[in-house]
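Novice: Next come the chains, spelled out residue by residue.
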Amino acid sequence: MFLFIIKRLVLLVPVFFVVSLVVFLIIHLVPGNPIDNLMRAGSSSAQRVQIAAKYGLDRSLAEQYFVWMSRLMTGDLGTSIIQGRPVGALIARNLPYSLQLGGAALLFSALTGITAGVLAASFHGTRLDDGISGLILLGSTVPSFWLGLLLILVFAVWLGWVPISGARGWTSLILPVIATGVGGIALVARVTRIAMIETARQDFVMLLHAKGLSPLVIQLRHVLRHALVPVVTILALRIGWILGGTVTIEYVFARPGLGSLLIRGLNQRDYPLVQACLLMLAMAVILGTLIGDIVQAAMDPRQREERP
Amino acid sequence: MNRREFLASTSVVTLGLGLVLTSGLPARAADSEAVIVLSSSEAGAPNQDPIRATLLSLASNLIYDRLVEQDDDQSYHPHLAESWETGADGMSWTFKLRQGVTFHDSEPFNAAAVAWWIGKYKGSPNEYMTAAIDRVEIVDDYTVRFVMKRPEPNLIFNLAQQFMGIPSPKSYEASGDSYGVTEAIGTGPYKLESFVVGQETVLVANEDYAWGTDLSENRAAPHIKRLTLREIPDSSTAFLELKTGGVGMLSSVPDEFLPQLQKEKQVGFRNLPGIGVTYLNFNSQSGAFADATMRQATALAIDQSAVLKSVYSGAGREAHQFLISSLAESKVDPQFEIHHDLDKAKKLLDQTGWINGSDGVRTKDNKRLRIKLWTRSETEFRRTAEIVQAQLKVLGMETEIVTFDNTTLRDQLRKGEHELVVSHYDWNNADILDWFYSAKNIPFPNSAMWNDAKSEELHDIAMLQSKNWDERVANFKKYQEYLLSQYAFAPLHEPAQNTAYNKDLLEVPERIRGPQFGQPTIVDMKTVQ
Amino acid sequence: MRAVRAMPMLKAIASVKGSIAGLYLLFLIGGALFAPWLSPYPYDQQDLTIMNQPPSLTHLMGTDEFGRDVLSRMITGARTSLSVSVTAIGVSVLSGLILGAACGYFGGAFDRVVMIGVDLTWSFPEILIALMLVAIIGPGLQGVVLAIAIAYLAQFTRLTRTQVMVLKGETFVEATVNLGAGHTHILFAHLLPNALAPVLVAAMLATGDAIILEATLGFFGLGAQPPTPSWGAMMSSGTAQLFIAPWVILLPGLAVALTVIFLNLFGDAIITALDIRTKLREA
Numbered sequence: 001m002f003l004f005i006i007k008r009l010v011l012l013v014p015v016f017f018v019v020s021l022v023v024f025l026i027i028h029l030v031p032g033n034p035i036d037n038l039m040r041a042g043s044s045s046a047q048r049v050q051i052a053a054k055y056g057l058d059r060s061l062a063e064q065y066f067v068w069m070s071r072l073m074t075g076d077l078g079t080s081i082i083q084g085r086p087v088g089a090l091i092a093r094n095l096p097y098s099l100q101l102g103g104a105a106l107l108f109s110a111l112t113g114i115t116a117g118v119l120a121a122s123f124h125g126t127r128l129d130d131g132i133s134g135l136i137l138l139g140s141t142v143p144s145f146w147l148g149l150l151l152i153l154v155f156a157v158w159l160g161w162v163p164i165s166g167a168r169g170w171t172s173l174i175l176p177v178i179a180t181g182v183g184g185i186a187l188v189a190r191v192t193r194i195a196m197i198e199t200a201r202q203d204f205v206m207l208l209h210a211k212g213l214s215p216l217v218i219q220l221r222h223v224l225r226h227a228l229v230p231v232v233t234i235l236a237l238r239i240g241w242i243l244g245g246t247v248t249i250e251y252v253f254a255r256p257g258l259g260s261l262l263i264r265g266l267n268q269r270d271y272p273l274v275q276a277c278l279l280m281l282a283m284a285v286i287l288g289t290l291i292g293d294i295v296q297a298a299m300d301p302r303q304r305e306e307r308p
Numbered sequence: 001m002n003r004r005e006f007l008a009s010t011s012v013v014t015l016g017l018g019l020v021l022t023s024g025l026p027a028r029a030a031d032s033e034a035v036i037v038l039s040s041s042e043a044g045a046p047n048q049d050p051i052r053a054t055l056l057s058l059a060s061n062l063i064y065d066r067l068v069e070q071d072d073d074q075s076y077h078p079h080l081a082e083s084w085e086t087g088a089d090g091m092s093w094t095f096k097l098r099q100g101v102t103f104h105d106s107e108p109f110n111a112a113a114v115a116w117w118i119g120k121y122k123g124s125p126n127e128y129m130t131a132a133i134d135r136v137e138i139v140d141d142y143t144v145r146f147v148m149k150r151p152e153p154n155l156i157f158n159l160a161q162q163f164m165g166i167p168s169p170k171s172y173e174a175s176g177d178s179y180g181v182t183e184a185i186g187t188g189p190y191k192l193e194s195f196v197v198g199q200e201t202v203l204v205a206n207e208d209y210a211w212g213t214d215l216s217e218n219r220a221a222p223h224i225k226r227l228t229l230r231e232i233p234d235s236s237t238a239f240l241e242l243k244t245g246g247v248g249m250l251s252s253v254p255d256e257f258l259p260q261l262q263k264e265k266q267v268g269f270r271n272l273p274g275i276g277v278t279y280l281n282f283n284s285q286s287g288a289f290a291d292a293t294m295r296q297a298t299a300l301a302i303d304q305s306a307v308l309k310s311v312y313s314g315a316g317r318e319a320h321q322f323l324i325s326s327l328a329e330s331k332v333d334p335q336f337e338i339h340h341d342l343d344k345a346k347k348l349l350d351q352t353g354w355i356n357g358s359d360g361v362r363t364k365d366n367k368r369l370r371i372k373l374w375t376r377s378e379t380e381f382r383r384t385a386e387i388v389q390a391q392l393k394v395l396g397m398e399t400e401i402v403t404f405d406n407t408t409l410r411d412q413l414r415k416g417e418h419e420l421v422v423s424h425y426d427w428n429n430a431d432i433l434d435w436f437y438s439a440k441n442i443p444f445p446n447s448a449m450w451n452d453a454k455s456e457e458l459h460d461i462a463m464l465q466s467k468n469w470d471e472r473v474a475n476f477k478k479y480q481e482y483l484l485s486q487y488a489f490a491p492l493h494e495p496a497q498n499t500a501y502n503k504d505l506l507e508v509p510e511r512i513r514g515p516q517f518g519q520p521t522i523v524d525m526k527t528v529q
Numbered sequence: 001m002r003a004v005r006a007m008p009m010l011k012a013i014a015s016v017k018g019s020i021a022g023l024y025l026l027f028l029i030g031g032a033l034f035a036p037w038l039s040p041y042p043y044d045q046q047d048l049t050i051m052n053q054p055p056s057l058t059h060l061m062g063t064d065e066f067g068r069d070v071l072s073r074m075i076t077g078a079r080t081s082l083s084v085s086v087t088a089i090g091v092s093v094l095s096g097l098i099l100g101a102a103c104g105y106f107g108g109a110f111d112r113v114v115m116i117g118v119d120l121t122w123s124f125p126e127i128l129i130a131l132m133l134v135a136i137i138g139p140g141l142q143g144v145v146l147a148i149a150i151a152y153l154a155q156f157t158r159l160t161r162t163q164v165m166v167l168k169g170e171t172f173v174e175a176t177v178n179l180g181a182g183h184t185h186i187l188f189a190h191l192l193p194n195a196l197a198p199v200l201v202a203a204m205l206a207t208g209d210a211i212i213l214e215a216t217l218g219f220f221g222l223g224a225q226p227p228t229p230s231w232g233a234m235m236s237s238g239t240a241q242l243f244i245a246p247w248v249i250l251l252p253g254l255a256v257a258l259t260v261i262f263l264n265l266f267g268d269a270i271i272t273a274l275d276i277r278t279k280l281r282e283a
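Chains as they are written, first to last, in full-length UniProt numbering: chain A, 1 to 308; chain B, 1 to 529; chain C, 1 to 283.
Since the hints were derived computationally from the structure, they do not count as laboratory data.
Be aware that one or more of the hints could be misleading.
Just a few of them, taken from the derived set where beta-carbon distance is under 8 Å, the chain A residues facing chain C [stated by the list, open to error]:
1. Val18
2. Pro31
3. Val142
4. Pro143
5. Leu262
Straight-line C-alpha distance at most 20 Å; calculated DMTMM-like pairs for lysine to aspartate or glutamate [what the hints assert, rightly or not]:
6. A:Lys7 to C:Asp119
7. B:Lys120 to B:Glu107
8. B:Lys309 to C:Asp44
9. B:Lys372 to C:Asp44
10. B:Lys393 to C:Asp44
11. B:Lys372 to B:Asp411
12. B:Lys225 to B:Asp504
13. B:Lys309 to C:Asp47
14. C:Lys17 to A:Asp130
15. B:Lys120 to B:Glu173
16. B:Lys96 to B:Asp141
17. A:Lys7 to C:Asp111
18. B:Lys393 to C:Asp47
19. A:Lys54 to B:Asp177
20. A:Lys54 to B:Glu127
21. B:Lys440 to A:Asp36
22. C:Lys17 to A:Asp129
23. B:Lys478 to B:Glu457
24. B:Lys367 to B:Glu400
25. B:Lys346 to B:Asp431
26. B:Lys415 to A:Asp130
In this text, a Cβ means the ideal position worked out from N, Cα and C, and glycines have one as well.
The shape of chain A in the complex, shown without the other chains (with noise of 0.2 Å):
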C-alpha cells in the first residue's frame, strides 16, 4: 500500500510540469496583456515599456516561464501586475470563501444525494423510488445561475429571510450552497442508489438475510457501506470543482472565491495570478483523482494490482 501511494506521487513531478507548461502557453496565447488594464488616458508609450520591463514582460516566453518555475520552487507565487499584492496572499484571502461554499455545497449535496439514493433503492420500483428519481432529475436539470436568481427572488426578495449577496455570517451561505449543491445530489443518489441495489443482489446480503438479521440493519449498515465505494469515489474527483467549479454562484450572489477572482483576472489577463490559480486548480483535482485511487485501493485491494 504504502509502495503504492509512493509510485503516484512520483509520477506527480512530471505531471506538475507539463500541467505548469500548459497553463502558461494557454494564458499567453489569449490575446491582450495587462499593462494595457494599468494605463489610462493621458501616460505616454514610454510608460508602457517602463511597466514592461518592471513585470519581465519584455522578455521572451521562454525566459519568462523560466523565472516563473524558478520562483515557484522557492515558494514565491509571484506579485499580481494589475492588484500589486503577493499572489499567495491574493489566494489565502478568497481560498477561504472558495472552500466554504465548496465544502458546504459538496457536504449537501453527499448527505442528501445518499439520503435520497438510500430511500430509492430500499423502496425500489415503488412510487416512491419513482418520486425521488423524478425529483432528483428535475433538480440537475435546471441551471444552477437560474436557480441561484429564482432562489434570491423568493427566499431574499418576497420572504427576507436570508441576505440576497455577499459572504457575511453563515445565513448568506444558504442559498449558494443550495443553488450549487442541487446539481451533485443527482449524481451521488444515483450512484447510491444503482450501487446499492446491486450490492442487495451480491451473495453476502443473501446469507445475511438468511442469518435472520432484520432488513434495515442489513441495508443500512452492510449494503450501504458496501455501496459507498463509488460514491466516495466520485465526491474525491470533484475536489477541483469545490475550488473552482463554482464561478457562476460566486458571481451571481457577489461573493468573493477563487473563482471570482480568477475570473477577474483573466480579464485583465493578469498573468501571474491566472497562472498560480489554474496551476493549484489543476494540481488539486490531480491530487483529487489520487486520493479517490487510494481510498479505492485501501477498501479494495485488487486495485493496487491492476492500476499502475
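Chain A is fixed; fit chains B and C onto it per the hints.
Specialist: Showing chains B and C alone in chain A's frame:
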C-alpha cells in the same frame, strides 16, 4: 482508518472549517454606519495610492483631500489650498495653504509636504498631470509656488482630480511598495480600516476633521462613523440589496433598473450630469469609413432617441457632439451638431453609388454593404449595438455584431481591422479629443486612425498655445467643430449618473456637489435614526 | 447483431416515459428545423413601442427589451442551443472514441500520457476554459462549441477506453488476431462497433448537460452574437429583466430544464431497453 472513519472525518473537517471561517468574518457594527455599493467602473481598484494608481475608487476620494475641488458646473473651490493665483504669462501658480491640517498619522500638512508630493509624480503613471510643472518653490511654511515649463490652464483641472490626493510623506516613504494596499494615510474625512480588492473597503470617520469645503454643509467630521464600500458585480443583485435594505446606497445605478427602482417607495434618487459619452468609432483609414460621406450617412442614420429610450430607460441625454454637456467646450455652433436625418442619409448613399438591392441591402460594383460592428460585452453596449444594427439596416447597411471583452477589444483595435465600434469614454475634460484624435496616438488610443492636417493644427493650438482657461475653451470648440464637420465619430448618448439610496436608512442632501458622487456629499449624509 | 440494434429504439419508445419524452424531443427538433417558418415574427424585428410587454394573444410569450417577440426568439433560440450542444457533443464523442479506443487498445506509456492530458481538461471549470478559448479563437459559437466539446472529452475517452479494454480480452478478438488481422482492422471492425452503444447513450445524456452549459456560457455573454438568440443568450440580456419582464428570463430557463429532463428520460428508456447499465457504470 476504515472507510466509515474516513467519511466521518472528512465531513467533520469540512464542517469545522466552515464554522471557523464564518466566525472570522466581519460582523456588523452598531451605530451610524452605512454600506455603499461602488459603481462598476470603479470595480477592482487595486490600491488607494493616488500617485501610482491608474484606477481609484470612491474610498480614496474620502481618504485624501485635494488642493482644490471641482463642482458639477466645472467651477473650482478651495480645499487644502485656501487661495491661488496665476502669473499673467501663465508661467507660475502660487497657492496659499490651509493651516492646522494634519494627516491621519498626526503629521502636519504644509508647504514641504506639497513640494515632496509633486515630486513623487515623476515616473509615475500619472506623471502627465504635473508634467507642465518645472519645479516647486517653498515661499514659506504655508505658501508654495509652482514654476511652469509652459502655460497650462488645465493644471487647475488636474489638481482637482482624484489622482491628486495628497498622502502623508512619512507614511508613504515608510511603506514603500505596499503603500495604498495595507495602509493609506491622507488628510480626508475618513480613515482606512480595511481593504479587500474586489470586495469591500471599510472606512471610519476622522474625528479630527475640520477642513471641509464650501461644497458641503458639514465642514467637520462626517456624520456617518463607519462606511463600508462594497463591490457587487451583478447589478440585479445590487439592486435587490438596495431594495431590501442590505445596502444603503448604490453610488451608480445601472440605467436598466431605473424604472424598476422608481416604483419602490423607500428608494430615493439623486441625479448628476454625466461624465461620459457613448459613440460610434469609425476606422477612418481603411474600409468603407475611409469615405467621409459614408461616415456622414451612418452618423445621420442613427436616432439617438431610440438608444436613450430602449437602452437607458430614458435616463441621461442624447449626445449630438463628443464632449459631456457640462463642459463649456461642448457648446459648439448648432450647425455642427449631428442629428438624426434618415432621408438625407439615404440620399447621400444613393449619390455615392451604393444602390438598394432587392433584399434591402445596398450594393455597389456587386459588393454588398456589409460592416463589422464591434462592441464591448457589457450589457449596455451590447444593447446599444443591437439598436444601431436595427437602424443601419433601415439605411440599407448590413452589420454583423461581434462582442469582445474590454481587454481583447483594445488588443484588436491595435490591429486596425475594425470598421465600426460602439465605444465609450468617461472623462470630464475637453482634452479627451487629444487622447482619441491626435495623430501621435495612432493606432491606440486613436483607434479612429484619425490623421488630418487641419485637425492637427487646431489640436496643437488648443493643447499647447492656450494661455488661459477662456482661450482654451474657444480653441477646443474650434477643434471639435472641425472634427464634427468631418464626421470623425457618431455621438450616441451621454449616460446620466444616477445615485439611489434607501430612505429608511439614509438621509442624502438634495443636491449632489462635485462632478461625481463623493466626499462633499458623503460628509453631509446621515443615517436615519 | 446489427439487426438487433434497431430494436431497443422501438422498445424505448414503446415505454410510457420514453414515448412522452420522444414525442417532446421530436416536436422540439421539428421546431428547431423549421424555425423560420414556425416563428410568428422575424426573431430580430424590433419595435420600441411595445417593449417588455407581458404575454398576450398577439405575443404569446410577451416581448423583450427591444419589443421583439419572445416566442419567435425561443424557437430560433432552440435551433442555436440544440445545434451548438449536438455539434459539441458530436465533436467530443468522435474525439473521445478515437482517443479512448487507441488508449484502450495500445495501453502502456501511450495510454498513460494521453489520459493525463485528457484528465487535465477535467481540472478547470468549464466557464474558464470557455472564456479563454473564446478570447483565443474569437467571439462566436466556435469557441463555445469547442469549450463544451473539451468539457466532455474526458468522459467519452474514459468510457470508450474501458469498453475497448474489456473487449480486447474477449475470445473473438484474440481469434481475429490469430487470424493475422491488422490493428486498424481489429479496432474499427471489431472493437469500436461493440463499444459504441454505451457511448452513444452517454452522448445523449451529455447533450442535456451541454444544453445547460451552453445556457450558462450564454449567461456570461459567450456564444451566439446578437441579434441571434440562444436560450442562454436570452437569459444574459434578461438578468436585469428578471424584475422588469421576468418572462424573458424564466421561459428560456424552463425550456432548458424541460429539454434536459426529457433527454434524460429518453436516455434512461434506451438504457433499460438496451440493458447496458452495467457497462456504463464500469467507466
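Novice: All hints are to be evaluated individually against the structure, with a verdict given for each.
Specialist: Verification of the supplied hints:
no.	hint	in the structure
1	Val18	holds (7 Å)
2	Pro31	holds (6 Å)
3	Val142	holds (5 Å)
4	Pro143	holds (5 Å)
5	Leu262	holds (6 Å)
6	A:Lys7 to C:Asp119	holds (19 Å)
7	B:Lys120 to B:Glu107	holds (18 Å)
8	B:Lys309 to C:Asp44	holds (18 Å)
9	B:Lys372 to C:Asp44	holds (17 Å)
10	B:Lys393 to C:Asp44	holds (11 Å)
11	B:Lys372 to B:Asp411	holds (16 Å)
12	B:Lys225 to B:Asp504	holds (18 Å)
13	B:Lys309 to C:Asp47	holds (12 Å)
14	C:Lys17 to A:Asp130	holds (11 Å)
15	B:Lys120 to B:Glu173	holds (10 Å)
16	B:Lys96 to B:Asp141	holds (10 Å)
17	A:Lys7 to C:Asp111	holds (17 Å)
18	B:Lys393 to C:Asp47	holds (14 Å)
19	A:Lys54 to B:Asp177	holds (13 Å)
20	A:Lys54 to B:Glu127	holds (17 Å)
21	B:Lys440 to A:Asp36	holds (17 Å)
22	C:Lys17 to A:Asp129	holds (15 Å)
23	B:Lys478 to B:Glu457	holds (11 Å)
24	B:Lys367 to B:Glu400	holds (16 Å)
25	B:Lys346 to B:Asp431	violated (34 Å)
26	B:Lys415 to A:Asp130	violated (59 Å)
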